[in-house]
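Asker: With the hints as constraints, model all of the structure from the sequences given.
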Amino acid sequence: MDRNELPLLRWLLTTVALGFLALFLLVPLAVVFTQALRGGVLTYLTAIREPSALSAIGLTLLTAAVAVPSNLAFGVAASWAIAKFEFPGKHLLLTLIDLPFAISPVISGLMFVLLFGSHGLFGPWLAQHGVQVVFAVPGIVLATIFVTFPFVARELVPLMQAQGLEEEEAALALGAGGWQTFWHVTLPNVRWGLLYGVVLCTARAMGEFGAVSVVSGHIRGLTNTIPLHVEVLYNEYNFTAAFAVASLLALLALITLAAKKLVIWRSGRDAGAGAPTRG
Amino acid sequence: MSIEVRSISKRFGSFAALSDVSLEIPSGGLAALLGPSGSGKTTLLRVIAGLEMPDSGAVLLDGTDATVRSVRERQVGFVFQHYALFRHMNVFDNIAFGLRVRPRPERLPEREIRARVKELVHLVQLDGFADRYPSQLSGGQRQRVALARALAIEPKVLLLDEPFGALDAKVRQELRRWLRRLHDELHVTSVFVTHDQEEALEVADRVVVMNEGRVEQAGTPEEVYERPVNPFVYHFLGYVNLFRGRVKGGRMQIGGTEVEVQGCADVPDGPAIGYARPHDLEVEHQPPAGAALQTEVRHVHAIGPVVRLELLRCDTAETIEAEITKEDYRTLGLRTGETAFVRPRCLRVFN
Amino acid sequence: MLYLSLVVLLPLSALFLRATGSGWHQVWATVTDPRVLAAYRLSFLASLTGALINAVFGLLVAWVLVRYDFPGKPLVDGLVDLPFALPTAVGGIALTTAYASNGWIGKALAAVGIQAAFTPLGIVIALTFIGLPFVVRTVQPVLQDLDAELEEAALTLGASRAQTFFRVILPTLAPAVLTGFALALARALGEYGSVVFISGNMPMKTEIAPLLIMTKLEQFDYAGATAIAAVMLAASFLLLLAINLLQGWAAGVGRRA
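Those sequence lines, one after another, are chains G, B and V. Numbering that gives the first Met the number 0 numbers the first residue of the first sequence as 0 and each following residue consecutively. Numbering that gives the first Met the number 0 numbers the first residue of the second sequence as 0 and each following residue consecutively. Numbering that gives the first Met the number 0 numbers the first residue of the third sequence as 0 and each following residue consecutively.
A few of these clues could be false.
[Said to hold, decoys possible] Selected chain B positions facing chain V (in silico; Cβ < 8 Å):
#, residue
1, G12
2, A15
3, R68
4, V70
5, F85
6, F96
7, G237
8, Y238
Everything labelled a hint here was simulated from the structure, so no lab data went into it. Here a beta-carbon is modelled for each residue, glycine too, at the ideal position from N, C-alpha and C.
Answerer: Spelled out as structure tokens, the structure:
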């Protein structure tokens, strides 16, 4: 007896589900690319190579280049500590790591303005030393670090926890030092999760909008990242250019999705080391 | 309700789970489907239940063809190997489930359902546990809930898939006896699947030995144990001692001895293999009158009601296992390393 | 540990110091201003609607992905994560363009007299978009691990397919659906980039709370912005707590002791 539904019901459910997905996923994706290429390939390339666009790309890359490695280092250290040790405040640490996820990006940006803005906690001190954080590049970088903070850790913690301590203990028993164990045993086991965490972190660092919007001051050519530049172009009704620049980020998103598939496939192949299950 | 299965075949891809299986179980009987993993016993059970559709053949329930009837229509109670209890419902609601999902016209009033469930809870000796959730029960308790749940719908047939497989040895024994008693009380035609021959022989009144999708033998426990039709059945139901020798005129020569061959007198003369159970061997400390096999005692297992002797044949260096009563053992006074003389009382030979 | 404090704790404390520094009366006045209340109400209702839509359709999508086969399934499965991977601004302008009265979908809706962009409906659509992966991804593994024997048991006991779904399968999936719902809700409440373009930002009508914060900041009304933010933060914490509890409950129910 086939325990499944009638074929008609199956077909109906599948169609509705796919229709829903097409409406909400395919349409926006299609819009980005069709609008971007509306004026032809030449217009597309011009929009991307325009000076303010280029500086936006540059700033975005710079931000990512700072945010990702520092969050990577922290993420690895934190997940290692959480997975392998018991210490007071462990749960607090976990909650704190999840924090940037729970807070609206605008509020995140607001916090930095309150800290480093001219009326903020450190405002006077910064002004004294001639350092500009908010409405300047450092502010953008800091806000991005905050917002992308959890990504690496969240990928690694469940992975490392699932793997337990046995392999590390075996290595230590065989005489390996702490650092050697970490480098040769712990890290290779989580390499796919790590890779995916880095990919997510990078994508989010480059695409962050809300938090950066608050902190940046929107000074064209100076403190605009790619998403902010897209906003500027859109608000000027320069749709084709806006979508052209946006398509870069859309491509990055698709690469992220492909990376996830790759990671699941490879880590599944590496004999059940626990594939990342987070979206 | 009687069950009859005619020429059932079922394949999964290229794997033949059942090949031309035919079987009859009389109404009120308690049958065991016994066999190793992959023998097809669970598949057969599921075909009877309607959870699998056979590729060919027929399933008859009470004489009528039920092959195309859906699971719901067959009114079979099924107890799964891992119980399949609904984790989000307590014991009471699990047992009541079958009664509550009946179509409105057939459904009993809630009050009656409650009464019936209470009876069943009492029947399976889980009074006081009705409020508990499956995660709060032991394996044996869960098994009893699964049974009560299946019985609630008053099935004509009760099917159990390795019901005691996941339980501790002691719990298993208790539940076996309990199932037997329950069956005697309720007289529901029951079929259970097991790979444990001891369980099958102890509980069932009919044993069906299966192997590689085929029925090797079906009969009473005594029949399959004492009169197995082929080496597989013989091997599966207990320890086997093999003796190689020659048959001549209804008697077999092994080593220097001559033993009578049991069963078919039409065993042709020539080389043959004789089968004997451990308890069919006579063991002596002194050379007996008449020929016997000389062996060396390798190991004595004297714990329990019978004593098991591991003996090494001096002529062929084959190991024989013999079982003798504690009394005989004390009388014989055998110890490891000593010589013992063995004579099979009778041998079984297969063509 | 030091890194953690610098990156997380410091900004947080700044926020609260500021908020309380303004004096409770002023905070209360800000928070109860009609425009602010309208923004809260809109944010909450729109997020709730979007999360509910995702709860229902996310369950459906997860069901279809796990149980049925169709050409291109792996591709579709991968695409479900798009709202999570796509920068919010990109999603925002794409949705606005599609649902504007001259957009692909906007046109079709206009023909039936429905306006999507620059209305609360548009906000709900954007919030549904960004919450889409959450329910699907929390339900999928649970559905995959669902024991086939449970459904077979229900069948042998006489349940119809519909009864099996509602009495056996759905209760087992409930914790996961709820968790996904809460996650989608939390995400939607704080969402800015996807919504700010399609909403039109009309005060009292289509102005969401995060935008209001932004507006106040641009006017240098730090006290006001902080007050609104503090309330939202409190709500986020409560939601985060609820999610953690839900996840703990889900793990407990699923355990086979």
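Asker: Quick one, is the G237(B) hint okay against chain V at 8 Å, beta carbons?
Answerer: violated, 32 Å
Asker: Less than 8 Å between beta-carbons is the criterion; does A15(B) satisfy it with respect to chain V?
Answerer: For A15(B), the interface hint is violated, since the closest Cβ of chain V sits about 22 Å away, which is over 8 Å.
Asker: Taking the least C-beta to C-beta distance, is G12(B) closer than 8 Å to chain V?
Answerer: violated, 17 Å
Asker: Hint validation: V70(B) versus chain V, beta carbon distance must be below 8 Å. Holds or violated?
Answerer: Hint on V70(B): holds, closest Cβ of chain V at ~5 Å, below 8 Å.
Asker: Is the interface hint satisfied for Y238(B)? The criterion is a beta-carbon contact with chain V at less than 8 Å.
Answerer: Violated: closest Cβ of chain V sits about 35 Å from Y238(B), beyond 8 Å.
Asker: Taking the least C-beta to C-beta distance, is F85(B) closer than 8 Å to chain V?
Answerer: holds, 6 Å
Asker: Under 8 Å, Cβ to Cβ, is where F96(B) needs to be relative to chain V, so tell me if that hint holds or is violated.
Answerer: Holds, because the Cβ-Cβ distance from F96(B) to chain V comes to roughly 6 Å (cut-off 8 Å).
Asker: Using the nearest Cβ pair, does R68(B) come within less than 8 Å of chain V?
Answerer: violated, 12 Å
The structure fails hints 1, 2, 3, 7 and 8 (numbered hints given earlier, in ascending order).
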